[in-house]
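Heads up: the protein sequence lines correspond to chains A and B, in order.
Each residue of the first sequence is one higher than the one before, counting from 6 in the numbering used here.
Each residue of the second sequence is one higher than the one before, counting from 6 in the numbering used here.
Think of the hints as simulated: they come from the structure by calculation, not from any bench.
Since we're looking at a predicted model, the values are computed, not measured.
Wrong hints could be hidden among the right ones.
The list treats identical chains as one, so a pair stands whether inside a single copy or across any two.
Straight-line Cα separation of at most 27 angstroms, DSSO-like style, residue types lysine-lysine; simulated pairs [said to hold, decoys possible]:
1) Lys-206 - Lys-224
2) Lys-68 - Lys-206
3) Lys-259 - Lys-144
4) Lys-144 - Lys-206
5) Lys-224 - Lys-144
6) Lys-161 - Lys-206
7) Lys-144 - Lys-161
8) Lys-206 - Lys-259
9) Lys-161 - Lys-259
10) Lys-224 - Lys-68
11) Lys-136 - Lys-68
12) Lys-68 - Lys-259
13) Lys-259 - Lys-136
14) Lys-161 - Lys-136
15) Lys-161 - Lys-68
Here is what each chain is made of, one letter per residue.
2 protein chains.
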Amino acid sequence: MQQVARLRISIIGAGNVAWHLAPALASVTDVRQVISRHEDSAGALAARVNAVCGLEGREKCCKATASLDCLYGDSDLYLIVSNDDSIATIASSTENFPGIWAHTSGSVGLEVFDGEKTAFGSFYPLQTFSKEIPVDVGKVPFFVEGSRPEVLETLKSVAGLVSSRVYTATSRRRRALHLAAVFACNFANQMWAEADILLRKEGLDITCLLPLLEATLGKLGSLSPAGAMTGPAQRGDMNVLRRHIEELPDEEMKELYRIVSQRILDASHPELII
Amino acid sequence: MQQVARLRISIIGAGNVAWHLAPALASVTDVRQVISRHEDSAGALAARVNAVCGLEGREKCCKATASLDCLYGDSDLYLIVSNDDSIATIASSTENFPGIWAHTSGSVGLEVFDGEKTAFGSFYPLQTFSKEIPVDVGKVPFFVEGSRPEVLETLKSVAGLVSSRVYTATSRRRRALHLAAVFACNFANQMWAEADILLRKEGLDITCLLPLLEATLGKLGSLSPAGAMTGPAQRGDMNVLRRHIEELPDEEMKELYRIVSQRILDASHPELII
């Protein structure tokens with residue numbers, strides 16, 4: 006059987022997402038360069054990529070680069086794995102090389118490439134990435150979109166090389182997923198951060214609530230979040246709600262408590278106002 | 006070996022907490038009666054208790070009762086498993102029978118029994134209970150407190166019969182745990198409810214985010230919530246924050262988004278104001 010040439014990829018960005026995506030891609034494609042203004046981050050990620058691909062010959066080695074001027078002109082895919090705010094700048098300050106340009110953002114539409122590139126799309130992994138925490142990329146849902154059918158097909162193939170869960174999604178649906186993920190993931194995590202602050206005042210921390218958190222999340226396998234709700238606001242226990250607000254240490258936490266509790270009351274006891 | 010008489014327990018309340026606690030207690034004590042204004046709930050829970058204890062003889066059978074006037078005078082423990090708001094009323098409208106009176110609330114202090122009962126305490130299971138979802142009571146942390154050392158010892162023994170994780174906690178520490186649990190559990194769950202609302206508009210629901218939620222919670226095993234934070238607010242991506250607020254369907258969700266995002270910004274980018 007003839008060996009098919011491996012896709013050549015340039016990765017722009019070396020943050021949390023690139024940290025997990027680049028090695029996964031490097032095991033099935035040629036990740037040839039990592040570009041980041043932060044030279045140290047680019048170097049660390051290139052080294053991580055090279056460890057994965059085993060450095061088979063000098064020409065296959067992944068290079069770390071600090072300037073967009075050093076982008077190779079003949080990559081098959083330019084993957085922009087940067088802050089959402091930087092995508093437009095990167096799109097407009099690079100040449101229109103003939104490969105496919107794609108970003109990994111949940112909230113930026115394809116129009117960011119309009120007039121700048123000929124072939125483009127999105128390549129959105131719906132997952133939370135922290136450098137310290139391993140991620141099983143094979144189970145991450147990828148939502149892809151392409152400026153033309155053949156671009157979409159290529160991006161689907163690339164995603165299919167690293168994950169078993171690949172879906173197409175319009176920019177509109179991708180934005181809804183991203184916004185929902187911010188509530189479900191970042192905002193829920195902020196509630197854990199608030200709990201951690203309260204517990205540390207008593208010499209405890211969030212770890213003592215882990216069994217409770219696991220049970221809370223476990224309910225979502227069989228109940229909707231509204232159906233799984235418990236606690237004083239869901240019961241309409243106004244005395245507890247008022248006492249909790251008194252106990253909270255500052256005005257901002259009190260306001261946060263009020264607004265979230267009112268959202269819960271609105272669903273379970275619409276006649277009650279905190 | 007002589008058989009030691011089993012502790013005789015009256016349970017007041019038949020909601021989510023009693024639903025899981027009463028059968029666990031019935032396997033190691035004599036749960037003799039379940040009292041609830043809601044006769045149906047009391048009946049359903051008494052049947053559940055009798056199924057556990059196998060109905061060994063008529064006199065050991067758990068009775069369902071709708072009136073506090075029917076409380077047995079010779080129980081060893083009167084466990085008030087009711088709404089927080091009802092505890093004071095129950096304490097004042099029942100006779101001062103000589104057994105131990107205890108409530109299962111996280112936020113009500115022992116003073117609710119002052120002047121009403123002679124022996125009393127708290128028996129707080131730190132867990133979220135829904136009737137539909139099984140709970141492994143053996144792993145639930147119990148926080149107990151007693152009006153006298155021998156009351157505390159009895160409550161510790163009872164908790165130790167059903168769980169391997171029993172701690173003593175002052176009312177102050179118990180209140181801190183309860184307030185933190187409201188943030189960590191109920192408020193995080195409300196964030197999932199908000200995500201569910203947003204996804205349903207697109208024909209999706211929260212289940213498509215479950216792998217993401219599991220990864221988010223999984224991080225807390227090795228990182229603090231502040232260290233595990235990701236997302237646009239943590240990155241200071243103000244364009245995304247502003248676009249998200251535009252996309253949200255009503256003023257209350259916009260305000261919720263603003264206040265939670267500002268809390269995240271305060272921790273990561275204190276100079277930024279949304």
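Here's how the hints hold up against the structure:
1. Lys-206 - Lys-224: between (29 angstroms within a copy, 22 angstroms between copies)
2. Lys-68 - Lys-206: neither (48 angstroms within a copy, 44 angstroms between copies)
3. Lys-259 - Lys-144: Answer is neither: 39 angstroms inside a copy and 32 angstroms across each miss the 27 angstroms cutoff.
4. Lys-144 - Lys-206: For Lys-144 and Lys-206, the Cα distance is within 27 angstroms only across copies (25 angstroms; inside one copy 38 angstroms).
5. Lys-224 - Lys-144: both (21 angstroms within a copy, 17 angstroms between copies)
6. Lys-161 - Lys-206: between (49 angstroms within a copy, 25 angstroms between copies)
7. Lys-144 - Lys-161: Classified as within: same-chain Cα gap 15 angstroms, cross-chain 44 angstroms, threshold 27 angstroms.
8. Lys-206 - Lys-259: within (17 angstroms within a copy, 31 angstroms between copies)
9. Lys-161 - Lys-259: The answer is neither: 47 angstroms in one copy and 34 angstroms across copies each exceed 27 angstroms.
10. Lys-224 - Lys-68: Neither: 46 angstroms inside a chain and 31 angstroms across chains, both beyond 27 angstroms.
11. Lys-136 - Lys-68: within (20 angstroms within a copy, 57 angstroms between copies)
12. Lys-68 - Lys-259: Classified as neither; 51 angstroms inside a copy, 43 angstroms across copies.
13. Lys-259 - Lys-136: Cα proximity of Lys-259 and Lys-136: none, with 33 angstroms in one copy and 31 angstroms across.
14. Lys-161 - Lys-136: For Lys-161 and Lys-136, only the intra-copy Cα distance (25 angstroms) is at most 27 angstroms; the inter-copy one is 43 angstroms.
15. Lys-161 - Lys-68: within (26 angstroms within a copy, 63 angstroms between copies)
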